[in-house]
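Colleague: This is what each chain is made of:
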Amino acid sequence: MLPRLEPRKEPSRLLTWTTPLIAVAATLVTGAVIFWFMGHSPGTALYTFFVRPVADLYGFTELLVKATPLVLCAVGLAIGFRANVWNIGAEGQLTLGAVFGGGLAIFLHGTESALVQALTLPLMLIAGVLGGMAWAAIPAFLKTRYDANEILTSLMLTYVATLLLSTLVHGPWKDPAGYNFPESVLFGEAALLPVLWDGTRLHLGGLLALFAVALAWFVLARTLLGFQVKVVGMAPQAAGYAGFARRRMVWVTLLIAGGLAGLAGIVEVAGPIGQLLPVVSPGYGFTAIIVAFLGRLHPLGILFAALVLALSYLGGETAQIELGLPQGITGVFQGMILFFLLASDVLIRYRVRFGAPAIARPATVAEGGERAEQGA
Amino acid sequence: MSPDLVFVSVVLTVISAATPLLFAATGELVVEKSGVLNLGVEGMMLVGAVVGFAVTTLSGSATLGILAAVLGAAAMSALFAFITLTLLANQVATGLALTLFGVGFSALLGQPFVGTPVEALPKLAIPGLAAIPVLGPLLFAHDALVYLSVIMVGAVAWFLYRTRAGLVLRAVGDSHDAAHAIGHPVVLVRYLAVLFGGAMCGLAGAFLSLSYTPMWGENMTAGRGWIALALVVFATWRPLRVLAGAYLFGAVTILQLHAQGIGVEVPSQVLSMLPYLITILVLVLISRDQAKVRLNAPACIGKVFHPSA
Chain A
1 MLPRLEPRKE PSRLLTWTTP LIAVAATLVT GAVIFWFMGH SPGTALYTFF VRPVADLYGF
61 TELLVKATPL VLCAVGLAIG FRANVWNIGA EGQLTLGAVF GGGLAIFLHG TESALVQALT
121 LPLMLIAGVL GGMAWAAIPA FLKTRYDANE ILTSLMLTYV ATLLLSTLVH GPWKDPAGYN
181 FPESVLFGEA ALLPVLWDGT RLHLGGLLAL FAVALAWFVL ARTLLGFQVK VVGMAPQAAG
241 YAGFARRRMV WVTLLIAGGL AGLAGIVEVA GPIGQLLPVV SPGYGFTAII VAFLGRLHPL
301 GILFAALVLA LSYLGGETAQ IELGLPQGIT GVFQGMILFF LLASDVLIRY RVRFGAPAIA
361 RPATVAEGGE RAEQGA
Chain B
1 MSPDLVFVSV VLTVISAATP LLFAATGELV VEKSGVLNLG VEGMMLVGAV VGFAVTTLSG
61 SATLGILAAV LGAAAMSALF AFITLTLLAN QVATGLALTL FGVGFSALLG QPFVGTPVEA
121 LPKLAIPGLA AIPVLGPLLF AHDALVYLSV IMVGAVAWFL YRTRAGLVLR AVGDSHDAAH
181 AIGHPVVLVR YLAVLFGGAM CGLAGAFLSL SYTPMWGENM TAGRGWIALA LVVFATWRPL
241 RVLAGAYLFG AVTILQLHAQ GIGVEVPSQV LSMLPYLITI LVLVLISRDQ AKVRLNAPAC
301 IGKVFHPSA
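As given, the protein sequences belong to chains A and B, one line each in that order.
With the first letter of the first sequence counted as 1, position 121 gets the number 121 in the numbering used here; the numbers rise by one all the way through.
With the first letter of the second sequence counted as 1, position 230 gets the number 230 in the numbering used here; the numbers rise by one all the way through.
Each hint should be verified, as a subset may be incorrect.
Said to hold, decoys possible - Heads up, simulated DSS-like pairs for lysine-lysine below, C-alpha to C-alpha not over 27 Å straight-line:
id, chain 1, residue 1, chain 2, residue 2
1, B, Lys303, A, Lys9
2, B, Lys292, B, Lys303
3, A, Lys230, B, Lys292
4, A, Lys9, A, Lys174
These are computed hints drawn from the structure, not numbers from a lab.
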């Protein structure tokens with residue numbers, strides 16, 4: 001008998017938090033099989049990919065450095081996803097954050113005034129947030145004014161953002177003393193985020209990410225806005241009757257997501273990178289989508305999910321160096337995690353049953369009435 | 001070159017640029033008409049491109065390569081169908097996963113083939129007709145996939161609006177509960193539609209790596225999968241409008257390349273933004289008239305179907 005799915009009366013809370021673990025475990029098992037197919041010892045390869053990178057303290061701080069932009073982007077995206085606003089252009093908003101904040105750093109570069117130096121970093125962070133918000137405002141405007149699908153517009157804008165950054169560092173923002181490489185000047189001390197721990201690259205951005213998590217948790221759990229986001233997402237019609245404006249929700253969620261992604265962009269540029277390059281992110285904005293889902297669209301969950309996905313970046317790098325695996329392996333692991341998660345999420349809302357479905361029996365009137373009552 | 005020849009060569013490049021969009025958008029149109037939104041077009045195209053390229057290089061047969069591309073991309077779409085239709089997952093999220101996975105997976109498969117040359121698909125000139133001046137080379141001297149892309153649009157239009165099976169597919173997309181109630185196999189119809197969409201993305205990818213460039217490079221689709229998705233909206237789910245839209249976009253792409261060629265004083269990156277900006281523009285122009293969109297949009301698009309609901 002084929003198994004069939006029977007809806008649960010209520011989604012299972014226990015499974016909501018266990019399916020991410022199932023997904024990660026299934027990814028590891030499948031990963032072992034893939035490594036074996038590619039001619040590597042599965043044990044060694046998994047160790048190289050998932051343990052070696054974080055085996056020492058420096059490696060662990062690198063994990064936090066990689067998790068920082070993921071957390072920032074994912075927290076913003078999660079708020080939107082909760083309200084059914086599908087912004088998938090975080091990568092572009094991140095890039096614009098880098099352009100705005102990094103542009104300011106280049107503009108202020110070499111200024112002697114102590115006041116300007118003291119203000120450089122805060123202004124860069126603000127400019128980064130504004131850059132991301134500005135980029136997210138475009139799909140918000142097109143959605144609310146013209147009903148244009150935000151999935152497609154925000155994604156198209158990602159390509160435009162990448163090209164814009166590339167234009168700038170190939171042209172006006174190229175370092176004049178840089179042997180014609182498409183790179184900006186190296187930022188001065190005043191434009192770099194302070195390192196929290198000497199000898200590592202762990203920077204202030206990590207704390208900003210933690211702060212964003214706390215703030216997002218507070219907003220979602222304790223404010224009217226958080227409640228509205230939830231209602232708009234789960235019951236749009238009820239939200240309409242309650243007078244929560246759908247348009248306002250699109251604007252608010254997109255601006256929050258854009259601002260946080262922009263912050264992630266400037267934090268990358270003023271942190272580990274230290275200058276503007278033609279490409280400033282290895283797809284953090286896209287990976288953040290996976291982080292948001294794996295973290296169950298919950299700020300605290302996102303914190304843990306970001307560590308898992310950050311490990312996939314570090315592991316991919318180590319596997320490239322030590323096993324000669326192609327870079328694409330990171331994307332394969334990231335995609336697999338999301339597949340397994342979405343597939344196992346069926347268990348949250350449905351029970352797997354074996355045997356003949358109740359609906360196949362010739363329903364008597366009494367039974368039909370009973371079912372209708374249960375459904376009500 | 002004589003003006004005639006310039007005209008012919010420009011139009012030929014437009015046709016080439018339009019063909020992958022035409023395949024992918026026509027396939028996605030059928031998927032969406034059945035009530036499913038598959039955002040994995042970009043990922044499926046990439047897998048089609050790399051599989052088509054690899055099999056052609058290894059076997060020496062482009063026919064085998066194209067078949068493999070179709071099967072490879074269809075296998076990706078089967079994964080999507082299983083997760084969304086059998087396991088009832090969110091279609092938007094699953095489609096995104098398919099694209100993210102496809103980008104990485106194609107890079108992994110394609111690594112040994114980067115920089116390998118391949119012979120472009122042969123042009124099949126139709127005897128007699130191809131000799132007509134101007135029109136001959138424009139219409140009757142393409143490779144097999146270009147002919148196939150146009151034939152597929154016609155076939156899909158005929159299938160959707162002139163056959164019983166097409167009517168069932170549209171019914172499933174417009175109201176899966178009603179279609180289920182009168183006994184149509186909703187899930188089966190959607191599986192078939194999704195597989196067809198995957199196969200078409202495979203053809204789109206194979207055309208890119210075997211005819212348009214012809215070579216394999218990581219992420220070589222460069223957003224064409226997403227433009228194809230936008231084209232379906234632009235066409236308000238009508239096959240013949242997809243044809244018009246694809247050629248319009250092909251023209252924009254080529255215009256941009258030619259502007260770079262004749263030395264327009266704008267950085268090349270700015271011109272490269274054009275196709276994406278135009279996509280946004282046409283989306284806005286179409287979407288602002290919601291009455292027109294609703295007329296043809298499948299009502300059940302993206303909704304999960306479970307017979308108990």
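Colleague: Could you run down the list of hints and mark each one as holding or not?
Modeller: Hint by hint, here is what the structure shows:
{"no.": "1", "hint": "B/Lys303 with A/Lys9", "in the structure": "holds (19 Å)"}
{"no.": "2", "hint": "B/Lys292 with B/Lys303", "in the structure": "holds (21 Å)"}
{"no.": "3", "hint": "A/Lys230 with B/Lys292", "in the structure": "violated (31 Å)"}
{"no.": "4", "hint": "A/Lys9 with A/Lys174", "in the structure": "violated (60 Å)"}
Violated hints, in rising order: 3, 4; the structure is consistent with all others.
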